[in-house]
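Note that the protein sequences, when read in sequence, are chains A and B. Letter by letter, the first sequence follows residues 1 to 287 of this note's numbering. Letter by letter, the second sequence follows residues 1 to 265 of this note's numbering.
Hints are computed from structural coordinates only; laboratory data are not their basis. Some clues are possibly wrong.
[Stated by the list, open to error] Partner residues aside, some chain A positions facing chain B, computed with beta carbon under 8 Å: (1) Asn-5; (2) Leu-101; (3) Ile-188.
[Claimed, not checked] Straight-line alpha carbon distances no greater than 25 Å define the calculated DSS-like cross-link-like pairs of lysine-lysine that follow: (4) Lys-214/B / Lys-158/B; (5) Lys-93/A / Lys-7/A; (6) Lys-187/A / Lys-93/A; (7) Lys-248/A / Lys-184/B; (8) Lys-93/A / Lys-248/A; (9) Lys-206/A / Lys-187/A; (10) Lys-283/A / Lys-206/B; (11) Lys-214/B / Lys-93/A; (12) Lys-96/B / Lys-206/A; (13) Lys-204/A / Lys-283/A; (14) Lys-158/B / Lys-7/A; (15) Lys-126/A / Lys-206/A; (16) Lys-96/B / Lys-248/A; (17) Lys-187/A / Lys-204/A; (18) Lys-184/B / Lys-158/B; (19) Lys-96/B / Lys-7/A; (20) Lys-283/A / Lys-158/B.
Because the structure is a prediction, the values reported are computed rather than measured. Note that CB positions come from ideal geometry on N, CA and C, so glycine has one too.
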Amino acid sequence: MRTENQKAWFFVLPVLALVAFNALVPMMTVVNYSVQETFGNNQFFWEGLGWFEQILRSDRFQAALGRQFLFTFMILLIEVPLGIIVALSMPRKGFWVPVCLVLMALPMLIPWNVVGSMWNIFTLPKIGLMGYFLNDVLGINYDMTQQPLSAWITVIVMDVWHWTSLVVLLCYAGLVSIPDAYYQAAKIDGASPWSVFRYIQLPKMKTVLTIAVLLRFMDSFNIYTEPFVLTGGGPGNSTTLLSIDLVKIALGQFDLGPAAAMSLIYFAITLLVSWVFYTLMTKDDAQ
Amino acid sequence: MKKRSLIPILYIAFLMLPIYWLVAMSFKTTNEILSGFSLFPQTFTLENYITIFTDPTWYWGYINSIIYVTINTVLSVCVALPAAYAFSRYRFLGDKQLFFWLLTNRMAPAAVFALPFFQLYSSIHLFDTYLAVALAHTLFNVPLAVWILEGFMRGIPKELDETAYVDGYSFPRFFVTIFLPNIKAGVGVAAFFCFMFSWVEMLLAKTLTAVEAKPIAAVMTRTASSAGYELGLLAAAGTLTIIPGAIVIWFVRNYIARGFAMGRV
Numbered sequence: 001m002r003t004e005n006q007k008a009w010f011f012v013l014p015v016l017a018l019v020a021f022n023a024l025v026p027m028m029t030v031v032n033y034s035v036q037e038t039f040g041n042n043q044f045f046w047e048g049l050g051w052f053e054q055i056l057r058s059d060r061f062q063a064a065l066g067r068q069f070l071f072t073f074m075i076l077l078i079e080v081p082l083g084i085i086v087a088l089s090m091p092r093k094g095f096w097v098p099v100c101l102v103l104m105a106l107p108m109l110i111p112w113n114v115v116g117s118m119w120n121i122f123t124l125p126k127i128g129l130m131g132y133f134l135n136d137v138l139g140i141n142y143d144m145t146q147q148p149l150s151a152w153i154t155v156i157v158m159d160v161w162h163w164t165s166l167v168v169l170l171c172y173a174g175l176v177s178i179p180d181a182y183y184q185a186a187k188i189d190g191a192s193p194w195s196v197f198r199y200i201q202l203p204k205m206k207t208v209l210t211i212a213v214l215l216r217f218m219d220s221f222n223i224y225t226e227p228f229v230l231t232g233g234g235p236g237n238s239t240t241l242l243s244i245d246l247v248k249i250a251l252g253q254f255d256l257g258p259a260a261a262m263s264l265i266y267f268a269i270t271l272l273v274s275w276v277f278y279t280l281m282t283k284d285d286a287q
Numbered sequence: 001m002k003k004r005s006l007i008p009i010l011y012i013a014f015l016m017l018p019i020y021w022l023v024a025m026s027f028k029t030t031n032e033i034l035s036g037f038s039l040f041p042q043t044f045t046l047e048n049y050i051t052i053f054t055d056p057t058w059y060w061g062y063i064n065s066i067i068y069v070t071i072n073t074v075l076s077v078c079v080a081l082p083a084a085y086a087f088s089r090y091r092f093l094g095d096k097q098l099f100f101w102l103l104t105n106r107m108a109p110a111a112v113f114a115l116p117f118f119q120l121y122s123s124i125h126l127f128d129t130y131l132a133v134a135l136a137h138t139l140f141n142v143p144l145a146v147w148i149l150e151g152f153m154r155g156i157p158k159e160l161d162e163t164a165y166v167d168g169y170s171f172p173r174f175f176v177t178i179f180l181p182n183i184k185a186g187v188g189v190a191a192f193f194c195f196m197f198s199w200v201e202m203l204l205a206k207t208l209t210a211v212e213a214k215p216i217a218a219v220m221t222r223t224a225s226s227a228g229y230e231l232g233l234l235a236a237a238g239t240l241t242i243i244p245g246a247i248v249i250w251f252v253r254n255y256i257a258r259g260f261a262m263g264r265v
């Protein structure tokens, strides 16, 4: 059991100082911008909550937010079940285990801009492997620089390729921690594979699955580099997710006020959803 | 059993396909790439790699990236160790709130922080230094390291600490000579994760550097725009960015599954 000790704060101090420096100062800068109007020359005028109102009402923001939720929802829908299936069918011991783990983790260690370029040259029609195969072998008209649907599919497949292994590794960690005795007991009782999954494996994976969903939610909601390099948000605005739109407003048009207001709304949404996941997770921990 | 192993094989094949394509491209000449489809390089060339290894702007991109990633990893793990110890052993005022606040920094989109970070690090004259990128990356790596280490430390019984104190160990000596060896795996995994997220993050790294500490990603984008469409060169540069990750992952392969579960299984 943990003991009460206020001096523990001293242990936390270095972390606190470092993270506070990195988080609070930039955050205050953003808050500062979000309530002011500027025409350059470092002249600022009080704007109040105007930008927030304008952003929340704008069609552009709502559309980007909608695309963002659709994207996150789709990748969770694909990655979580796929990850569970792959983890269940992986070998538990032997020579192939480390090989599988290393190969599966590889996509996660590739810099994000390289992931984008890699999928770009992979999917180019006529030149890329996937583009050539779909267009010239299967005869499907596929060009992600022209068709919004193709672009969407490519962005989602890319994310599935990039991050499903995270779910696999988490679930696998949960699965290997189940003692053999559980399976033997299930065998004696004549349990079907489904009930083994439902009553032995799934409960054991609950904690790690919550972590997986939490991490995948946070990271996919913040995704920027990969889709930006792959599609640049196009064709048109079809794959302009929240982060891409934000950078367009902040650095492209240099509208600092609206961009800052949008940042805060964006952050608040991520925070709210993550908090729900986090409470669910720590409730499990406490039990 | 045989039928079951088909799923991981198919899955790994799916993972390897784009990587194969990148590697194959890197051995092709740009002319061959643009002239049409070929599954294997027809005129096998090392020209792209030679360009990278002989041009300082290219290879310094890798060295710069490795330097700031290393600084970040050491820094993150060092400050996270005592904090994780405190979270795993003691209850103190506001501990739960503090822990969640730390985690919220993992949720902040890097795009939100890009511009303020630029202004902050410019104003303290750290812009375009390794330290700037390393410090900026602690924003999301320190909370993660604390989270992972706390999970691993929680698995060490408290009796270990008490026995050591009874035996007359001071806290620093106990921590270094007894406690640390017990959570070796956790430290390795935490370091691995810090390395990984610092290595793959490019938006902040690019924003905070100009010439001196420019990461490989920035070199790659510049080449893509100035020299037309040098696809072969880009593919070779991309292939080389995979190697450090692959080396690091091989060292932690036995802990990786548990590590991804943050020590919580």
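For each hint, the structure was consulted:
{"no.": "1", "hint": "Asn-5", "result": "4 Å, holds"}
{"no.": "2", "hint": "Leu-101", "result": "5 Å, holds"}
{"no.": "3", "hint": "Ile-188", "result": "20 Å, violated"}
{"no.": "4", "hint": "Lys-214/B / Lys-158/B", "result": "46 Å, violated"}
{"no.": "5", "hint": "Lys-93/A / Lys-7/A", "result": "44 Å, violated"}
{"no.": "6", "hint": "Lys-187/A / Lys-93/A", "result": "20 Å, holds"}
{"no.": "7", "hint": "Lys-248/A / Lys-184/B", "result": "44 Å, violated"}
{"no.": "8", "hint": "Lys-93/A / Lys-248/A", "result": "49 Å, violated"}
{"no.": "9", "hint": "Lys-206/A / Lys-187/A", "result": "22 Å, holds"}
{"no.": "10", "hint": "Lys-283/A / Lys-206/B", "result": "39 Å, violated"}
{"no.": "11", "hint": "Lys-214/B / Lys-93/A", "result": "43 Å, violated"}
{"no.": "12", "hint": "Lys-96/B / Lys-206/A", "result": "22 Å, holds"}
{"no.": "13", "hint": "Lys-204/A / Lys-283/A", "result": "15 Å, holds"}
{"no.": "14", "hint": "Lys-158/B / Lys-7/A", "result": "18 Å, holds"}
{"no.": "15", "hint": "Lys-126/A / Lys-206/A", "result": "44 Å, violated"}
{"no.": "16", "hint": "Lys-96/B / Lys-248/A", "result": "37 Å, violated"}
{"no.": "17", "hint": "Lys-187/A / Lys-204/A", "result": "18 Å, holds"}
{"no.": "18", "hint": "Lys-184/B / Lys-158/B", "result": "17 Å, holds"}
{"no.": "19", "hint": "Lys-96/B / Lys-7/A", "result": "16 Å, holds"}
{"no.": "20", "hint": "Lys-283/A / Lys-158/B", "result": "23 Å, holds"}
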